[in-house]
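Keeping the supplied structure of chain A fixed, place chains B and C upon it in accordance with the hints.
Order-wise, the sequence lines are chains A, B and C.
Every position in the first sequence, counted from 1, becomes a number in the working numbering once 603 is added.
Every position in the second sequence, counted from 1, becomes a number in the working numbering once 24 is added.
Every position in the third sequence, counted from 1, becomes a number in the working numbering once 17 is added.
Quick list of in silico lysine-lysine cross-link-like pairs, DSSO-like style, CA-CA up to 27 Å: (1) C/LYS115 x B/LYS519; (2) B/LYS297 x C/LYS28; (3) B/LYS654 x C/LYS112; (4) B/LYS559 x A/LYS688; (5) C/LYS169 x B/LYS88; (6) A/LYS726 x B/LYS559; (7) B/LYS137 x B/LYS85; (8) A/LYS726 x B/LYS519; (9) A/LYS707 x A/LYS989; (10) B/LYS88 x C/LYS161; (11) C/LYS34 x A/LYS914; (12) B/LYS371 x A/LYS685.
Quick list of the computed label-pair ranges, beta carbon to beta carbon: (13) B/PRO372 x C/GLU158: 46 to 56 Å; (14) A/GLN1114 x B/LYS221: 57 to 67 Å; (15) C/ASN147 x A/GLY661: 40 to 50 Å; (16) C/GLU64 x A/ARG1057: 19 to 29 Å.
Simulated from the structure, these hints should not be mistaken for laboratory data.
We put the CB at the ideal spot given by N, CA and C, even for glycine.
Below are the chains, spelled out letter by letter.
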Amino acid sequence: MQFEIEVNDEHVIARRGETIKNVLDRIGVKVPTLCHINGFTPTGNCRLCVVEVDGLPGLVPSCSHPVEEWMKIRTHTPRVLKARKTLVELLLAGHPNDCLYCEKNGRCELQELSYEMQIRERKYQSRRIPVQIDKACPSIERDPAKCILCERCIRVCNEMIGVGAIEIIGRGSESRIGTTYNKGLNTNACVKCGQCITVCPTGALIEKTAIHTVLEALNNPRLYPVVQFSPTLPAAIAEEFNLKSTKDVLNIVRAAMKKMGFRQVFDISMAADLTLMEEAAEIAERIRTQEGLPFFTSCCPSWVRYVEELKPVYLSSLSTTRSPQQIMGRMIKQYITTSAGQKAEDVFVVSAMPCTAKKEEAGKDFIKDTQVPFVDAVLTNREIIKLIHLMGIDFSFLEPEPEDSAFSIRSSSGKLFGMAGGHLEGLIRTLHFQMTGQEMNPLKIQDLRGLKTRKEARIKIGKQIINVVSVSGLAHAKHLLEEIEAGRREIHIVEVMACPYGCLNGGGQRQGADEKSLKSRMKILYDIDEEEIIKAAHKNPTITGLYENFLGKPNNDRDREFLHVSRVARQEK
Amino acid sequence: MTGSGTPKLTEFLVEKVVKNYSGIYDKSTAELLSRVRREKLSQPAIFIGMGSCGITAGADKTLKAVETYLTENKIKADIIKVGCMGLCSAEPLLDVQLPGKTRLSFANATAGKVDDLLNSVFHHTLPHDNILGQYRFHGHEEWPGITSLEELPFFGLQYRMVLKNTGIISPEDIHDYLARGGYKSLFKTVLNYTPEKVCEIVEQSELRGRAGGGYLTGRKWLVALETGSDQKYLICNADESDPGAYMDRTLLEGDPHRVIEGIAIAAYAIGAKKAYIYLRSDYKRAIVILRDAIRQARECGFLGENIFGSGFNLTVQISQGAGAFVCGEETALIASLEGGRGIPREKPPFPAEKGLLGRPTVVNNIETLANVPAILENGPAWFKAIGTKTSKGTKVICISGKGVRTGVVEVPMGTRLIDIVNTLAGGIKNGKQLKAVLLGGPSGVFVPPQDLETEIGFDTLQEIGAGIGIGGMVLLDEETCMVSLSKYFMEFLQKESCGKCIPCREGTKRMLEILEGITRRPREESSHETLERFKGVVQLENLAEVIRDTSLCGLGQNAPGPVLSSLKWFREEYEEHIFDRRCAAGVCHDLRTFFIDVDLCNGCNICQRKCPENAIIGTVKMPHFIIENKCTGCGICFDSCKFNAIYFK
Amino acid sequence: MEQLLLDLFSKYPAGKKEGLIPILQEIQEEKGSLTGEILTAVAQHLELPVNKVYGVAAFYNQFLFRPHGAFHIQVCDGTGCHLGGSVSLLTAVEKFLKIKAGNTSRDGQFSLEAVPCMGACDQSPVISINGERYPRINEEELRKIIGVIKEKKV
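Just chain A, with the same shape it has in the complex (with noise of 0.2 Å):
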């Protein structure tokens, strides 16, 4: 039911059950927001999208209240502006002083508010008991002095990872973000998952940097740095440097890591190409026994930190294939070794990733009876953006690099991973094979596929119905499991992936992405499988080589050793 109201002295159109805002971002009037997160249902917890209503006292938020027939609206009005600087100048107020030092210098979205209002002067001073950083965890560094209480990271961990590793302590003034008794992120349920990063309008919430490792490396003769990349930094380093075209990007990025002095750059697709061939392998059994399904997906990290610590019934059913990023830092050291001539415990991997889990998951592996480590360091695409800019890198003068090094091969099922649901399509197609001897078709999974948390899909494959459900959002997860201990028998394979709609949206990734922006690096993904010739795992000449010459058959790693891995449920604390 449509109406008209009068904002600013315009008559314009209103819809019932739109808010305020609605209408007025419908209509190009901007407000500015603080703890307003797309998607979620408005609080108003930071009053600064006020406006003046005719008729009703104080200002109203327009982020929650709904639009009403009579409505006289004004949105910048002295009033209105003048409340809106009191309410940030009350934020400085409390704040550090430490602009210039701090990792958000020039991203904050404090900042960015302070230029907006003109605020030239810290009116009021305030009194802050002095807090410690919490730096236990090995993915994400909290300094609860930089917080300004937005709570978006809270929403996010409660209603979107369903963990709540953080909460509110305290009240008024007091409040704190924390955890029970104070103690680190690290003891507790905190997955690592980084979306909390993502969403944090100041620096009080950054990621555990190893760019400092990584340029130590860089510089010690000794050493050979390589790098190896996820499916998603190609986008990630277009959007941020604007640059067209996603097929010479991913030979410009080559390019610029080469630069940046890595010896060898590796495209980690191809490590999951060899994961795909591994799981599938673990599935066809488990369909001829009937046991341990629903089989579940364990290439992330923050998902099986979750099975670890909250569910480890679900243990037995997580996939014991390790995840690309591990398989191939293991790859590369051995290849390197034979190849190079160097020693294990001089190449040194970086593996960039969208995702800042997997800066624990680096820790997890070793080479066996060493100190080796699969992977060194793990940087973020924040953190190799951030690094891109340290030396120097022009990308207008570079020259796209052809792809010259072993494991360049790769099928587009292993480029999906970055996408929730490209895991699960690549896997089936891959499993199809195995278990008929014929190829999927058509490939494409429509089911699987588009900006959703949650995509279910019944495949024929043989004389069989397999059921797929792939959920991201760690809280999606566990209604899922919720259902299938509610008495849900029938699926065979479940895709979890704790950052919602995939890695593509991970906590290493980007900030401020919104719906368009996912949906461009969706596209990109959807396009390369599009024109793509190898599009299947088991079609990828590099990987049947390698089970031909040094693997034998998929799923045969009975030491444990290089694919797959034992699961182990963590201590009670």
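This is chains B and C only, laid out in the frame that chain A set:
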């Protein structure tokens, strides 16, 4: 007549009184009723005010003394524990009623006086002190020369409707309530009116919410009734946490059944089958009395399944607030009931449409609900005849502070504030002058003497920028420092702010820091500091406007009230604090300047040794001297001088 | 698991968040404070993250994470008592017991708290020791009472 009573008595009262539409009784029924109501006594009855205020004053010791007296003197008499009849400054209150004679009321009846008091009554000779007055009653012989209570200034102005039974009846015995017409309204309602009709009656009566909002109660009920849902809830908000306000407690400890009946009628009107009474967990006595009252009501069939055979079901549950002032706000209360932190929510949607667990929920203040039985009994026209054109009915007010008398009173809307101060409270004690009246609790406003002609009412008070709030009224005299008091309220609100929205959480903190700066002595005196403090006052006003405009709930919106009103009426006090560094009322300790009287000082040196700032110089046996700019005004020297040689200005 | 928790968990159904505050209240009444184990057990029963349970407990005045002293002294700081001299009374007690309001003495004997209005405003200042109220009290009397308590302990 104790709480247990016989089932036969209950049945009798239900059949003959509750279900009796005409209100006309035959002779034997009337006789029995007057016994149940303790109008006609077969043996003496002693009533002791056992509200929490009374117990603090020593009523429990009085009770023991009375029991001892009766045993020792072998006198047979009933002891009835009643609630507080309102004159708290006169507690412990002890009433004695001999058969055939009026009920006699004694004030300040501490345990030590019990023997004399009871002796005098039982020997028909009256003491001169301690008598408060007598309850005049048709058919009772009056005590000669004793004022009737209704002629006392404290009671004369009052119209006790909500508090009609409080202090008179036993809250632990449902029969007392029944014998006075209790639960008749509930019976009439569920068997004769549809829920729509009940909403209509209450809306016609123009009863407005008694928690400060002043919204038409009947209309609120109608919204909830008309919103479709599988479940609806009625919540009685008795979470009063205003410092200096204890009306809800008085009502619950004195006449719990009136509240229960009001809740039941309200729940019926909105279509709710579940009702909650939300009160503070530290109101231990009220909880015990209420729990027992609910049990008794349930046993009589007034709660539970198929009440009076009407098909209406209702369970009433007590929910204890875990200690947060903000939970008096209805959406915060609902959040707390749902098992979370007491954080207010945005309105709209309003709780009447979407409240507890997403269902239509009506949150009514306990006093609002306590009005309902009388409205249903006497009709809306009767209620409208009390009060003023825009504010009908009465208001329960809790008077505290520096008045001669303090306590809980009930006056018709339209009563002037000055009359409450002078007549009910008896003016200011110790011969001091009235400086201002605080209305509306910690987020209220100070009303200066020139505005005290204003009448109590929602709109009349709004005209002077004030509101009645939940009814707390604090009288202040010339020894009150308005700056310090404003700071005290801001401290309270800062502690109780939930922390959700920036203006309240951060804004009140800044205001508090500014006020602390004004009332504290700085390390070094400089004109720069003075300018800072002055700027602070200007900032106070700016901040107040933004906090009022943008806060999410009433706590924040009204938080600047005391500061703004004290700035308006007592600006010179602020200026004195800022520029002269002086607190005229002598309250702001840090602004005191201490001096040593050289004639009285004998040089004992104790003050010098104790001074934490080394601000005192002097040699032993010689008069000492305080260095003013080192002194922080802590007062330790003043406390430790045995010769009264130290004084302050 | 101890009997108290077992009884509470059968009284308040699993997975229903509405039971959180009543459960914590009963435990607080019975045990005087809440511990990490208790919070974890309650969280598991109600299917909530532990942090959420802790966050709720930390919001309200009633819940304590460290028990009060054997003798808990509450000084009323409501408006009436504030005007009646509660501030200087509190300062005096702080000096006498050598603890600040909100804290417990090292030997666990005494704890001190400034509380909002107790509702006996005409009898200010009011203090309460372990629930027993002392109206119209002054510093001298309070010292005597505390002295008696101290002696009895010895």
